[in-house]
Amino acid sequence: MAKKLGMTIDLKRCMGCHTCSLGCKMQNNVPMGMLWNRILTIGGEDVDTARGEFPSLEKSWMPLSCLHCENASCVKVCPVGATYRDEDGRVLINYDRCIGCRYCMAACPYNVRVFNWQKPVREPGHSYGEAPVRAKGIMEKCTLCVERTAKGQEPRCVEVCPAKARKFGDLNDPNSEVSKAIRERGGQQLLAEKGTKPQVYYLR
Amino acid sequence: MENRGNLKMSLGILGLLTLLGLIAWVYQLSNGLIVTGMRNVVSWGLYITSFMFFVGLSAGGLIVSSSATVFDIPAFKAVAKPAVILSTVCIILAGLFIVVDLGSPERILYLFIHPQFQSPLIWDVVVIAIYLVVSLLYLKHMTQPAPDYRKLATMSAVALPAAVLVHSVTAWIFGLQIARVSWHSALMAPLFVASALDSGLALLIIVLAGLERYSDYKVEPKLYASLAGLLAAFVAVDAFFVFSEVLTAAYPGEESVTAALGLLLSGPLAPFFWVQVVLGLAVPFVILASAANRQSKSKILLAAALVIIGVFCKRVWLLFSSFLLPLVEGAPGITLGQAPAAGAKLDMWAMAGSYTPTLVEWAIFIGIISFGGIMFIIAARRLLWAREDTARGIRIAPTAAK
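For the record, the sequence lines run as chains B and Z. If you count the first sequence from 1, position 162 lands on 162 in my numbering, and the numbers rise without skipping. So the mapping is simple: my numbering equals the position in the second sequence, first residue as 1, plus 204.
Isolated chain B (complex conformation) (with noise of 0.2 Å):
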């Protein structure tokens, strides 16, 4: 069976550190101004503040990037094929292909993509990481660290995760410790009801 790449992210064990979140920009070469993956504060007004009212207050975060979704609105959406899922169930967008319409923008319903409007920038003056470089106009994303992955290795975000929050593996594989703990732990997916399929599954 082909395999069906995806993450389990630990909800319980996140503590806000956004070592995932750096770690994806240096492996990825993402240029200043943007984040393939970020960490959001749930609840909170800003970043690491509580929700609720004292003494009843809760504090948690929650990683988001792209969730390589099975049914993925903008695979569907992308005029020239630009966007696609490769055979390993990665979402994927060629760099070469894309036109810069910003349709799958539009149709993603978690707002992981972003969008080269100028000339990328990145702060060292050199390009860092494996990924290659993308040109101004033209749609980014998480690859699920495709040029690691593709080698047998874990994404970088999981691999530098201090919590261990963070697993990977084959979804298609009931003996994966990702599908363990998608059954064991009840994983749940971002936005369920609009019927994406997210291949990130979120444990609460």
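Note that these hints are calculated values from the structure, not bench results. Keep in mind the model is a prediction, meaning the values are calculated, not measured. Everything hinted at is true.
Where chain B lies over chain Z, by a calculated footprint (3+ residues, C-beta under 8 Å):
(1) 224-237
(2) 241-252
(3) 300-308
(4) 318-330
(5) 380-387
(6) 525-536
Pulled a few chain B residues facing chain Z out of the computed Cβ check, cut under 8 Å:
(7) 34
(8) 45
(9) 110
(10) 138
(11) 194
Just so it is clear, CB atoms sit at the ideal spot from N, CA and C, and this is done for glycine as well.
Chain Z: place on chain B using the hints.
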């Protein structure tokens, strides 16, 4: 003679504005879409609004002119020619607005080389291409010295559904998106067609009056009254659809839909929503519903202008009601995609969308519309008043042919 001078001057001004738009586009090409007000949260703006608006204007004009033949309404046949010219010009403008919206327009041919037929955008490319060809053929047949009426009847039988389809497909670009609550509605296509009908007809009325004023083109006064009656009916249909859509969204009180609706009723989009409802629907309907008012050309023109403004506002609230609110909430929000200025650490984030068109966008917007004006004037001069319209017995004296 005076007219000729005016014509040259207006062509000159329009040419200058077109040139300015072109310069702005070159500037945008070299710097990227960063020179617009669009960012990662609100990722479509004035260009896409205008695209919808002009597809509507175009479809409306063609629907009126082709139904003249299809349903055999002799009075409307008289305006078929200017209507088709107008439709053709408007659809070209709509296409241009897509071109300037692309981040990588040098790859535009990929739409034809690598079409992915699952995408409503490709449906639109196909339908607009067919529509443009149909309009041009229709125009060609219509302006023959001795038009073949059987051919014209066939052409209009194709043009009518094509015009309805072109605006429906444009609506589906938005309406099929489950991600955006205020777009995801089965009523989107009928709503767009209704807007096309009223705004397209309104523009046609204004253009006819303009042709009468600035050329020797003559329109029977009775025609204005009957077009105005039709406009009143179209406005009522549009109002009915808007009401039905808003009621359906409001009644269940579902959280995300209510939030989007709040933007319209009392939020940042309220000016556009209420201008459309009051000035774009209610006022023109009240004006046009009275038979006495339909005898007054100036009142008809006022109502028509209000309808057009209203429909433009409708495009604005429709588009942005789905863009302003983040789809997944949580601080610090969404990255804008703009490299922050040195020292300003947090200005790459936004908790909610905001959008104001920049000067560059306005320049391109005005440039494209001016280009449309030039195309219309040239086409009208060559096709409308260069010869007598023998078919309808309306004498159109040549102005510049001497």
